[in-house]
Structure formats: structure tokens, C-alpha cells
Amino acid sequence: MTEALPEDLGALAAELALGLLDGEERTRAMRLCLSDPSFAAAVDRWRDQLLPLHGGFEEQPAPDLWPAIRRRLTGSHDDRLRRALRGWRIGAIASGALAASLAAVLVLRPQPVQVIHAPDRTAIAQLGSDEAPALLAANYDPSGGVLRIRALRMPASNLAPELWVIPQDGVPRSLGLVSTDGVSRVSVAASTRSLLRDGATLAITLEPREGAPHRAPSSAPIAAGKISTI
Amino acid sequence: MADVGAGVRRESLVAALEQVARGDQRALEDVYMATCAKLFGVCLRICQDRAAAEDILQQVYIKVWDRAGRFDPDRASPITWLCAIARNTALDWRRANQAPAHLPESAAEAIADATPLAWEAIASEQESARIVACLDGLDERARRAIHAAFYDGFTYLQLAQAMAVPLGTMKSWIRRALLQLRGCLGHD
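Residue numbers (our numbering), protein chains in the order written: chain A, 73 to 302; chain B, 29 to 216.
Quick caveat, the hints were computed from the structure, so don't treat them as lab data.
Even for Gly, the Cβ is constructed at its ideal location relative to N, Cα and C.
Any given hint could turn out to be false.
[Stated by the list, open to error] Ranges between beta-carbon positions, derived for each pair: (1) B/Cys212 / A/Pro135: 40 to 48 Å; (2) A/Gly271 / B/Gln47: 20 to 28 Å; (3) B/Glu57 / A/Glu282: 42 to 50 Å; (4) A/Arg143 / B/Arg123: 26 to 34 Å; (5) A/Glu97 / B/Cys212: 18 to 26 Å; (6) B/Asp102 / A/Asn230: 28 to 36 Å; (7) A/Asp241 / B/Asp77: 31 to 39 Å; (8) B/Pro101 / A/Pro78: 22 to 30 Å; (9) B/Gln208 / A/Leu231: 48 to 56 Å; (10) A/Ser215 / B/Ser40: 44 to 52 Å; (11) A/Arg143 / B/Arg95: 15 to 23 Å; (12) B/Leu185 / A/Pro135: 50 to 58 Å; (13) B/Leu185 / A/Ser107: 23 to 31 Å; (14) B/Gly165 / A/Arg143: 45 to 53 Å.
[What the hints assert, rightly or not] Not close to chain A: a few residues of chain B, all C-beta gaps over 10 Å, as computed: (15) Glu39; (16) Ser40; (17) Ala43; (18) Gln47; (19) Ala192.
Using the sequences provided together with the hints, build the complete structure.
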């Protein structure tokens, strides 16, 4: 059940759903969506209630549109990432073999040192969902290279949550361990900052504390989500 | 219009989106067949250009393919989620292709004329839709502004420029209207 929101937050939810906000106001509202489930629910509720305004305009697109869409599916970035994540999960469950092979890839193919230009826009992500074992909200301020991640729900475990960024190549890079409750501040290494861009995935796995940050995850993610820049 | 099929359609859309999240192209085709007319209507209404709307519609279903795993049936109905993707993609296109740095003066009139025809079409199709009745109860300028925000992607700033009022005035008009709407829609 959603709790009653104060009036100004109720109006803010409607403003976000309608798209009235821009700049810092929009950033603030989107952050609130990630950190406050009752606010997010209010935004969803407005979207639901505005939905009938889309009624009455139905029109058939050209018949050759679906084949055109189907041709574009396999090349899409997320399709590759989806397969990579699926492979990761199977590998993680089967044995440590995949982790070992990922580590080998990292060792055998060292990345050349580059001058990295970080994206200049704030990035946010929600990791997990109400159904996932864990739920976290992250935001990243590229100017300071600091990622703040708030654990909203985390399963009890003797292991520690480790945060990973998975860019387009599908290879997870550890950003280190994070706290099981409250907000963790993660200083992102300069070489990793450019990976925190729109469309990259953040994921949490449970790992032993020893040896962190690890080269590769040893288990399936308990929460994952895409980064959006705002 | 009592729609007994709505619940069934909703469930089958939720199930199809779960399949799409697992990479099932046939499930995406089912989603496309069930929703393309509606989403094409959303795109066309916003961008007013058939060829552009068809290109946008392709992007919409690629996004659905990529993001289906993020759809959460407990948070939103599938059609709300799909319409939000279509609306946002179409509004992005508008901003990239049509948004002038300064709105022309005639935009105020364009808003004043905000397509009463379409408005009537909605009302007659979904007479029971509470949102339509509630919007009708609003002050006319606030209703026009909300209409322009919803269909044309106008932000507060653009609305203030288009209707030639200070930003603070525009915000207070709309906030008052949103609170009134909230009461009318029975939030909380």
C-alpha cells in the first residue's frame, strides 16, 4: 500500500509523470523515485491515470514495420549484454570456471591506459526490484568520481555485497564492497569512470570479504539495473 | 464501454513481456501485434509525421526488447509502461527535431486551440475515464497547459514562454490544478 504523500510531493509526482520538469528539478524528482518507493508509486499511479488520454488515436502502422524491427533485434546492444549476463549466470552456477576465464581475459588482455573523459551528466540506477532478492539505488556524480549507493533491502548473509559495473563488452569490473544498509560512498578509479555511462549495468553479488575487490564474480547477481544519465 | 477482455489482455501482455525478457522474439511479435496500433497512435499524435512516427515506433519496440526485464507488473500495467516508452521516445524525437530555442509567439495560440476534436474523441471513446472528467473541471488555462505538457512535451519553462506569463505564475497555476486533479482522482 502507498502511504499518503505530503501535498508538495504529490504535486511533484504529477509534474514528473507529465514531463513538466527539467534541469535540477527533474534530477531531484528522478532521484526521489529511486530512493522513495512511495513517491515512485505515486508517479506510477499518475501515469496510469493519465493513460486514457492516449485513447482514441489508434492507427495501424505500415505492414512491413514488424519485419524491419525483427531485423534490428539481434544487433541491439542489450541483446548482446543479455546473452553475456545469461552466460555469466550459468557459468557462476556451474563452477568458478567462467570467473577464472574472465580473470584470464583480464590478465591476458590488459587495457591500454587511456585519458578518460567521464560523462559529465549525473547517472542514476535502480538495482533489483520488489521481486529481486535485493533492492538498491545508486547515483553517480561524474565531477567528483563518487558513486553513492543506498541499500534499501538486502538479504541476510555472511557474505558481503560487491558492486560491479558491466559495460558493453559484458565483462564485470568490481567497484568494491558496499554496505548492507544505509548509504555507501564508492570512489571510482579514474580508469573505470568512463564505464559508468548510460546503458551500462550495475550489479550486486554476494562475495567473501577476503580478497575484495575481486577479479570476477563467483555467484549470480542478486540485483542488477541499468544506468541512466539525466 | 465495459471491456471484459481487458483483464485477460493485461495478463497475456504481462506473460508475453516476461517471455520477451528471456529473449523470445515470438513473444515480442505478440506484444507488437496486440499494441502497435495504440503505440503508433501515441507516436503519431506527438510527432505529427507518419514516416517519423514509423521510425520512432521501431525504436520503441527495440527498447521494449531491451528493457522488458525491467517491467514490473506490480508497479504499472503493461500498457501504461508501453505507452510511457512510446510517449518518451516520441517526445525525445520532437525535442531533437522540432523544438525551437524560443517558442514562436504563435505557440500561445496553438495552445489556445489545443485540438478540441481529439479531446472530444477521447471523451466519447472513454466516457467513463475519470481523468477526462477531472480535467474538464479545471480552470481552462491550466487544462490547456496540462494538455500541451502531455501531448507536446512542453516543460514549465516552455509553457511560461508560450503563454507569455512568468515561470512562477505558470507553476502556481499548474500546481493548484494538479492538487485539484489529485483530489478529483481520489488519490490517497
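Each hint tested on the structure:
1. At roughly 42 Å, the beta carbons of B/Cys212 and A/Pro135 sit within the given window of 40 to 48 Å.
2. Against the hinted window of 20 to 28 Å, the Cβ-Cβ separation of A/Gly271 and B/Gln47 comes to about 23 Å, which satisfies the hint.
3. At about 48 Å, the CB distance of B/Glu57 to A/Glu282 agrees with the hint of 42 to 50 Å.
4. Distance hint check for A/Arg143 and B/Arg123: the Cβ-Cβ separation is about 27 Å, which falls inside the suggested range of 26 to 34 Å.
5. Between A/Glu97 and B/Cys212, the C-beta spacing of about 25 Å keeps the proposed range 18 to 26 Å intact.
6. Checking the proposed 28 to 36 Å range against B/Asp102 and A/Asn230 shows it holds: the Cβ atoms sit about 30 Å from each other.
7. A hinted range of 31 to 39 Å for the beta carbons of A/Asp241 and B/Asp77 is consistent with their spacing of about 37 Å.
8. For the pair B/Pro101 and A/Pro78, the beta carbons lie near 28 Å from each other, so the given range of 22 to 30 Å is met.
9. The beta-carbon spacing between B/Gln208 and A/Leu231, approximately 51 Å, falls within the hinted interval of 48 to 56 Å.
10. The hinted window of 44 to 52 Å between A/Ser215 and B/Ser40 holds, with their beta carbons roughly 47 Å apart.
11. At about 19 Å, the CB distance of A/Arg143 to B/Arg95 agrees with the hint of 15 to 23 Å.
12. One distance hint, 50 to 58 Å for the beta-carbon pair B/Leu185 and A/Pro135, is violated here, with the actual separation near 41 Å.
13. The hinted window of 23 to 31 Å between B/Leu185 and A/Ser107 holds, with their beta carbons roughly 26 Å apart.
14. Taken as a hint, the range 45 to 53 Å holds for the pair B/Gly165 and A/Arg143, whose Cβ atoms sit roughly 48 Å apart.
15. Residue-level check passed: B/Glu39 sits 17 Å from the nearest beta carbon of chain A, beyond 10 Å.
16. Every Cβ of chain A is farther than 10 Å from the Cβ of B/Ser40; the closest lies at roughly 18 Å, confirming the non-interface assignment.
17. Every beta carbon of chain A lies more than 10 Å from that of B/Ala43, the smallest distance being close to 15 Å; the non-interface claim holds.
18. At the 10 Å boundary, the C-beta of B/Gln47 stays outside the reach of chain A, the nearest C-beta of that chain being 13 Å off.
19. Every beta carbon of chain A lies more than 10 Å from that of B/Ala192, the smallest distance being close to 18 Å; the non-interface claim holds.
Checked against the numbered hints above, the structure breaks only hint 12 and satisfies the rest.
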